[in-house]
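Go ahead and model the full structure; you've got the sequences and the hints to work with.
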Amino acid sequence: MSSVSITQQPEILPQLRKETIKKIVEQGKRSDGRGHLDFRNVVLHVNPIKTADGSAIVSLGNTKVVAGVKVGVGAPYPDTPDEGALIVNLETPPLAAPTIEPGPPDENAIEIARVVDRTIRHSNFLDFKSLCIVPKKFVYILWVDLYVLNHDGNLYDAACMAAVAALASTTLPKVEIEQEQPKIIREERIPLKVNPENLPLTITFVKISNSILADPTLEEENICDSRITIGISNNKVVSIQKTIGTFTIDDIKNIMRKSIELYGKLKETVLKAIMNPDRELRL
Amino acid sequence: MSSVSITQQPEILPQLRKETIKKIVEQGKRSDGRGHLDFRNVVLHVNPIKTADGSAIVSLGNTKVVAGVKVGVGAPYPDTPDEGALIVNLETPPLAAPTIEPGPPDENAIEIARVVDRTIRHSNFLDFKSLCIVPKKFVYILWVDLYVLNHDGNLYDAACMAAVAALASTTLPKVEIEQEQPKIIREERIPLKVNPENLPLTITFVKISNSILADPTLEEENICDSRITIGISNNKVVSIQKTIGTFTIDDIKNIMRKSIELYGKLKETVLKAIMNPDRELRL
Amino acid sequence: MSSVSITQQPEILPQLRKETIKKIVEQGKRSDGRGHLDFRNVVLHVNPIKTADGSAIVSLGNTKVVAGVKVGVGAPYPDTPDEGALIVNLETPPLAAPTIEPGPPDENAIEIARVVDRTIRHSNFLDFKSLCIVPKKFVYILWVDLYVLNHDGNLYDAACMAAVAALASTTLPKVEIEQEQPKIIREERIPLKVNPENLPLTITFVKISNSILADPTLEEENICDSRITIGISNNKVVSIQKTIGTFTIDDIKNIMRKSIELYGKLKETVLKAIMNPDRELRL
Amino acid sequence: MQYVIDVTKLTPEELRAKIHELAKEGKRIDGRAPDQHRPVRLEVGVLPNADGSALVAYGDTVAVAAVYGPREVHPRHLALPDRAILRVRYHMTPFSTHDERKRPEPTRREIEISKILREALEPVILLEQFPRTSIDVFIEIIQADGSTRVASITAASLALADAGIPMRDLVVGVSIGKIGDLVIVDLNRYEDAYGDGDMPIAVMCRRGLVTLLQADGQWTTEEIEKGLELAFRAAENIYRMMRDALKSKYIEASKIYQQ
Amino acid sequence: MQYVIDVTKLTPEELRAKIHELAKEGKRIDGRAPDQHRPVRLEVGVLPNADGSALVAYGDTVAVAAVYGPREVHPRHLALPDRAILRVRYHMTPFSTHDERKRPEPTRREIEISKILREALEPVILLEQFPRTSIDVFIEIIQADGSTRVASITAASLALADAGIPMRDLVVGVSIGKIGDLVIVDLNRYEDAYGDGDMPIAVMCRRGLVTLLQADGQWTTEEIEKGLELAFRAAENIYRMMRDALKSKYIEASKIYQQ
Amino acid sequence: MQYVIDVTKLTPEELRAKIHELAKEGKRIDGRAPDQHRPVRLEVGVLPNADGSALVAYGDTVAVAAVYGPREVHPRHLALPDRAILRVRYHMTPFSTHDERKRPEPTRREIEISKILREALEPVILLEQFPRTSIDVFIEIIQADGSTRVASITAASLALADAGIPMRDLVVGVSIGKIGDLVIVDLNRYEDAYGDGDMPIAVMCRRGLVTLLQADGQWTTEEIEKGLELAFRAAENIYRMMRDALKSKYIEASKIYQQ
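If you're matching them up, the sequences are chains A, B, C, D, E and F in order.
As numbered in the numbering used here, residues 1 to 283 make up the first sequence, in order.
As numbered in the numbering used here, residues 1 to 283 make up the second sequence, in order.
As numbered in the numbering used here, residues 1 to 283 make up the third sequence, in order.
As numbered in the numbering used here, residues 1 to 259 make up the fourth sequence, in order.
As numbered in the numbering used here, residues 1 to 259 make up the fifth sequence, in order.
As numbered in the numbering used here, residues 1 to 259 make up the sixth sequence, in order.
Hints in this document: simulated from the structure, not taken from any laboratory.
All residues carry an ideal CB built from backbone N, CA and C; glycine is no exception.
Just so you know, not all the hints are guaranteed correct.
Below are the SDA-like pairs computed for lysine to any residue, each with C-alpha atoms no more than 25 Å apart in a straight line [said to hold, decoys possible]:
1) F/9 - B/221
2) C/193 - C/81
3) A/50 - D/220
4) A/174 - D/220
5) C/137 - F/251
6) B/174 - C/193
7) D/249 - A/281
8) B/253 - D/220
9) A/18 - E/80
10) A/183 - A/127
11) A/183 - D/16
12) B/183 - C/248
13) A/174 - B/81
14) B/129 - B/210
15) A/253 - E/208
16) B/29 - B/279
17) B/136 - A/134
18) A/18 - A/39
19) A/136 - A/106
20) F/9 - C/77
21) E/9 - C/77
Some chain A residues well away from chain D (every beta-carbon gap over 12 Å; in silico) [as the list claims (entries may be wrong)]:
22) 33
23) 79
24) 282
Rough simulated footprint, nothing fancy, chain B against chain D, three-plus residues with beta-carbon under 8 Å [what the hints assert, rightly or not]:
25) 58 to 69
26) 109 to 116
27) 208 to 220
Shown next as structure tokens:
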């Protein structure tokens with residue numbers, strides 16, 4: 001892992017294709033037929049992975065992300081001795097796209113994992129204090145591992161949705177303390193406490209030809225002028241991450257408004273899927 | 001260490017040389033004069049290294065492997081709380097061949113170490129329970145480090161022989177428990193318990209021009225169609241590792257039979273060397 | 001980090017420049033006007049960094065090194081159960097010169113850190129026993145981190161001076177033992193005990209056209225025939241590190257004498273700066 | 001998976017004893033006959049970006065394979081003038097095992113299996129048809145319940161076919177195990193953990209060739225021969241399913257084209 | 001830094017409570033008004049080897065930036081035919097925080113910030129004027145007291161100007177925070193640790209564009225708008241200081257040339 | 001190694017005291033005179049694959065060196081147009097020390113010694129005769145009993161000669177130590193651990209040049225001069241043995257050719 005951030009190699013997209021995409025955008029449409037603020041089709045399989053303590057497989061159009069939660073037990077951070085821990089990791093294995101080489105998470109993967117982490121953390125979706133087993137000694141650790149199986153743009157929103165749905169389906173194993181050491185009893189389980197009202201989601205936008213588009217495809221991300229991700233929970237902004245380009249203040253105000261609108265719809269979809277877990281493992 | 005296995009660069013061997021080797025094989029001989037099932041000359045120096053707790057230097061023709069055992073004390077694995085641990089590591093330092101660059105063990109080195117480890121582990125040569133000091137707390141850890149000093153083919157069998165002979169010469173330091181911590185007393189020692197009857201060895205074969213050859217040289221490995229390693233202990237098969245190419249079922253039956261025959265001879269050689277340790281460090 | 005030491009790429013210095021430098025040396029001078037045994041201007045800001053437990057910024061001509069000390073608490077080394085620990089690390093971030101790429105310390109950085117470490121360690125400048133908190137359990141650990149911000153030659157002497165001045169300005173936080181665990185109270189502090197008499201410094205020399213020059217610039221290092229660093233404390237030699245080229249016995253005798261002379265002057269400068277700490281952070 | 005006993009109520013020692021007890025009667029913990037494979041599920045073309053892809057489930061073991069190539073080699077000096085190079089990666093997701101979270105970095109075990117899988121596929125692919133290129137096979141284990149490497153071989157084989165890479169035959173992976181004297185087909189994780197031997201096998205059915213063979217434990221030569229025989233028989237069934245899966249995919253695809 | 005209370009005497013909980021209590025009266029722990037920035041110190045040309053360099057202090061936060069380039073790219077395949085690539089590294093020295101020693105290896109946080117800073121600078125630099133080259137910005141945090149990434153942006157911007165790299169505007173970094181309902185400018189480390197939100201912003205003053213924007217915590221859209229407004233106002237002041245710093249350096253330099 | 005006292009019965013403190021006590025009488029723990037080197041064993045051509053190789057034992061310290069080259073440089077950009085590059089690796093096997101297992105990854109100490117050995121060999125080899133190539137020297141310490149780096153220099157020198165690499169002279173390594181006021185030759189591990197100074201030296205005997213010089217501990221300039229003198233004298237003896245070892249190898253070799 002290099003410690004330097006380097007301008008990324010642009011995807012080779014024929015000039016003609018670029019112009020076509022822009023022209024369609026200027027006409028108020030998108031190359032896959034969506035409106036500017038439409039999300040692609042969302043398919044959510046909740047809790048399909050038997051070996052995980054919670055899981056979800058999300059398809060956002062052709063973008064596919066698998067989330068698995070494993071619950072561990074460890075020491076709390078010294079500054080939050082009575083709170084459990086959340087650790088989010090995202091990997092883009094080489095299955096996901098022809099451009100990806102195997103290796104540890106690069107800066108893009110690290111950034112997405114950190115944005116997902118902060119979005120969940122500041123939403124009050126989780127009750128970190130309920131993850132305490134023995135203050136100062138043992139707390140539950142929620143490992144959320146996100147695997148991108150197919151990358152067609154907007155990994156942020158797909159990853160966040162997958163992580164949140166996986167957490168919503170998570171159960172905690174019982175832990176007993178024996179001779180000052182924790183003993184994990186995997187057979188006895190209680191559901192992880194979450195607050196559905198505060199369900200955190202991110203909404204990502206790109207700017208192409210002065211238009212703001214939600215849920216960009218990979219092609220749109222590759223030609224966009226700017227990109228920004230807004231994390232929302234219960235109509236409050238809980239994270240922002242501007243990545244590509246620049247925005248005017250008016251752009252930002254506009255995007256805030258739109259992201260709260262879109263949040264409402266998306267939240268409904270996700271909550272519905274959480275209510276209908278699916279024990280068949282399908283991609 | 002890349003996590004991808006990549007087709008290896010073939011050694012550049014002149015076409016004429018390849019044909020010569022094959023022709024000799026077809027005539028029932030080998031380019032160094034051996035018969036198809038003959039091993040090269042085996043020289044075993046047992047326990048020559050004073051700084052190791054057990055050691056051996058093996059020459060299999062021009063292939064030279066040094067094995068050193070260091071005994072440590074640590075916690076047992078949770079699923080075997082009353083058993084010691086065996087950790088086998090093989091390195092191919094750049095001294096060993098012109099093609100080797102310095103670096104951590106590559107997939108070949110890792111594979112050989114793991115095959116040697118499994119062969120020993122399943123042979124009942126070691127009594128892992130005898131390595132327990134305090135159940136659940138402290139056990140002996142046998143670190144077996146294998147260094148290839150000259151690579152002329154068949155590292156599997158040379159490495160396994162070196163590891164086994166080094167273990168057979170190993171002594172354990174006395175361990176006392178003081179204030180719940182282990183204290184190693186290197187001056188007082190007892191021999192590691194081994195079961196010579198179950199002495200584990202591997203026998204490697206290659207297939208060239210439809211003939212099965214034992215103990216291949218590097219040249220033979222570089223032109224062979226297929227390669228397979230069979231681990232034997234007391235006439236039972238304790239490991240198999242097919243590496244290069246394919247085999248028919250008849251090939252495999254044939255190889256099983258031959259490996260048990262060869263095991264008998266080789267075992268005698270190794271046991272004799274173990275009986276005659278050699279405190280002069282020679283390569 | 002490769003484990004092989006490789007002949008370094010020479011800096012491209014025009015032939016004419018090389019000859020000019022040599023000619024000036026042969027005339028008893030140096031290209032920046034100094035005499036052969038003159039040091040460049042030394043500027044020392046002691047203790048300017050509020051977040052460090054001790055610090056110094058050293059300019060040796062255009063060579064700039066920042067040293068920061070952080071005090072930690074940890075277990076002592078088993079062979080010195082009643083002594084604290086000193087850990088010296090040197091980094092050459094890519095800010096320091098156009099030739100430096102980001103990455104972990106290379107062999108040059110590691111060597112300098114180790115020479116500085118040994119020079120301090122053997123000088124009796126520090127009283128390691130005074131760093132013991134609870135024998136066998138807890139001792140102070142002095143982390144000395146050296147950052148080269150501008151590299152214009154002779155990193156050895158600049159780094160050593162910075163490390164020593166930073167240590168001289170270091171205060172130790174109070175440590176209390178609570179339930180067998182150390183508790184660091186950063187607000188209550190006592191000065192680290194040092195022995196100014198034994199102040200350790202290194203003096204680096206290069207040989208160009210058969211002349212011995214002290215405190216080489218980067219240009220001089222790049223064209224020199226040989227280089228050697230002598231660590232002095234209280235007129236005793238406490239370290240030697242010959243790096244480039246060869247020396248005759250007479251050279252070495254000569255260099256020893258000169259290094260003790262130069263040590264006296266440099267020590268005065270450093271002690272004066274230590275007496276006048278400077279809480280404004282300037283480079 | 002349904003078990004004939006409540007596995008969650010037993011200690012490891014009891015489970016081990018129970019498995020061996022059942023084996024003495026020729027029975028298995030999940031009710032299968034010794035030579036019975038778990039249900040096999042095959043899906044082809046599951047990942048849109050890949051040139052070929054497949055999901056293979058052996059009971060609760062789920063492997064996903066993607067194939068990219070033939071394509072340019074980076075860095076170029078790895079390319080071979082007379083054939084394609086094959087690159088294979090086997091990887092388990094951190095949440096794929098019943099144990100605690102697995103670290104995502106490749107383990108020594110994963111490195112070995114990646115090599116073994118490459119060497120099982122190399123004899124099958126017509127690499128010489130694509131000199132100077134690379135054919136890449138990437139496998140993720142999403143859920144592990146024993147026999148992951150042989151499920152991976154089957155998934156890789158299907159994904160290669162899906163990518164249109166010419167092969168001498170379809171390779172099929174089957175695991176053979178041993179509990180006491182009983183030789184069994186397709187180990188689940190309990191049989192893997194508490195049995196006496198494990199022998200993963202991959203075969204080219206039509207040609208009668210073995211392309212992957214490993215073994216662990218203690219085996220007589222007769223047991224090995226028995227295991228090989230059972231493996232070929234089980235592979236034959238899976239082979240037919242693979243052909244069907246590939247056929248149905250192309251039928252579906254041609255339907256789409258006709259629309 | 002002077003504080004209105006003795007911060008060393010309080011537990012974290014007490015400090016958090018005190019900071020929130022003060023905020024209710026519109027006050028801050030170091031006596032500043034909500035929209036008041038800490039003293040800003042700017043020095044240009046501090047590192048002789050670099051093509052451009054700067055030291056920027058926001059109160060006790062000190063960032064040093066060095067710029068090298070435009071220069072050849074290694075390895076070459078990273079070069080772009082139509083513009084320069086930008087390489088940015090943000091790094092904290094091990095002794096730069098009030099906590100225990102930070103390990104020198106880059107953390108995930110540093111990797112993310114390096115990327116965010118690169119993406120904040122890319123829209124500003126006329127990269128298309130230097131095809132096939134690299135422009136490198138290296139930043140070390142020597143002392144950290146909150147708002148390090150925005151101080152880094154200001155330092156990078158000055159160093160780029162010092163190196164003579166053509167830019168569309170000077171970028172200025174300002175952090176916005178939130179304590180209870182109070183929106184504040186330029187967080188110190190206590191406000192960062194115990195406040196309710198953090199929003200680092202970088203702007204091109206003359207063009208009214210935002211080039212860096214992140215947020216943490218819980219914000220209403222009104223608070224975000226308020227924060228953006230405060231940030232632009234604070235940036236305007238710093239922008240003037242930057243121009244002065246650059247001017248005075250060139251005046252000094254021209255004096256030297258005249259001697 | 002035979003010791004004049006039973007070292008296994010003493011605590012470290014007692015051993016330290018004993019060594020210093022003996023030194024006051026000009027004696028050493030293994031019975032040697034202060035200027036006496038341990039037995040030196042030299043074997044040339046021990047590794048068939050290497051272009052040159054040697055085993056060097058100084059008492060119980062055993063170093064093996066292999067030389068490959070001159071040969072092509074990978075990657076090529078490391079090559080120099082006017083001379084060969086030298087690559088040196090010093091490494092200790094995990095079982096080479098009396099302590100617990102050493103991890104196989106190179107330590108900071110090994111990295112430093114590799115550099116120091118390279119810089120000791122560079123002035124000796126006629127690198128300018130082989131532009132654009134690499135000469136590689138790889139050293140493994142099989143058994144360590146003090147003075148490993150100087151034994152390595154001697155082994156490297158012999159291996160280079162065995163490989164037919166032209167050199168200005170044979171380099172010989174000798175370590176000098178200090179116990180109290182006694183300056184001694186060729187430290188064993190106890191003298192290294194409990195003495196007051198360590199000074200590894202490598203010399204070109206015929207030319208009176210020092211190519212490696214390090215020191216640790218506390219030395220007066222007189223002691224250093226004394227040490228250098230003793231080192232040159234000891235080196236002279238080893239130098240003669242090296243010439244004999246090389247000669248006898250070529251005689252043996254020529255015998256083989258005549259058969």
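Okay, the hints, checked on the actual structure:
no.: 1; hint: F/9 - B/221; verdict: violated, 52 Å
no.: 2; hint: C/193 - C/81; verdict: holds, 19 Å
no.: 3; hint: A/50 - D/220; verdict: violated, 36 Å
no.: 4; hint: A/174 - D/220; verdict: violated, 44 Å
no.: 5; hint: C/137 - F/251; verdict: violated, 61 Å
no.: 6; hint: B/174 - C/193; verdict: violated, 41 Å
no.: 7; hint: D/249 - A/281; verdict: holds, 19 Å
no.: 8; hint: B/253 - D/220; verdict: holds, 11 Å
no.: 9; hint: A/18 - E/80; verdict: holds, 19 Å
no.: 10; hint: A/183 - A/127; verdict: holds, 23 Å
no.: 11; hint: A/183 - D/16; verdict: holds, 21 Å
no.: 12; hint: B/183 - C/248; verdict: violated, 49 Å
no.: 13; hint: A/174 - B/81; verdict: holds, 22 Å
no.: 14; hint: B/129 - B/210; verdict: violated, 45 Å
no.: 15; hint: A/253 - E/208; verdict: holds, 14 Å
no.: 16; hint: B/29 - B/279; verdict: violated, 37 Å
no.: 17; hint: B/136 - A/134; verdict: holds, 23 Å
no.: 18; hint: A/18 - A/39; verdict: holds, 21 Å
no.: 19; hint: A/136 - A/106; verdict: violated, 33 Å
no.: 20; hint: F/9 - C/77; verdict: holds, 22 Å
no.: 21; hint: E/9 - C/77; verdict: violated, 35 Å
no.: 22; hint: 33; verdict: holds, 17 Å
no.: 23; hint: 79; verdict: holds, 24 Å
no.: 24; hint: 282; verdict: violated, 8 Å
no.: 25; hint: 58 to 69; verdict: violated (count 0)
no.: 26; hint: 109 to 116; verdict: holds (count 7)
no.: 27; hint: 208 to 220; verdict: holds (count 13)
Going down the numbered hints, you'll see the structure goes against 1, 3, 4, 5, 6, 12, 14, 16, 19, 21, 24 and 25, while the others check out.
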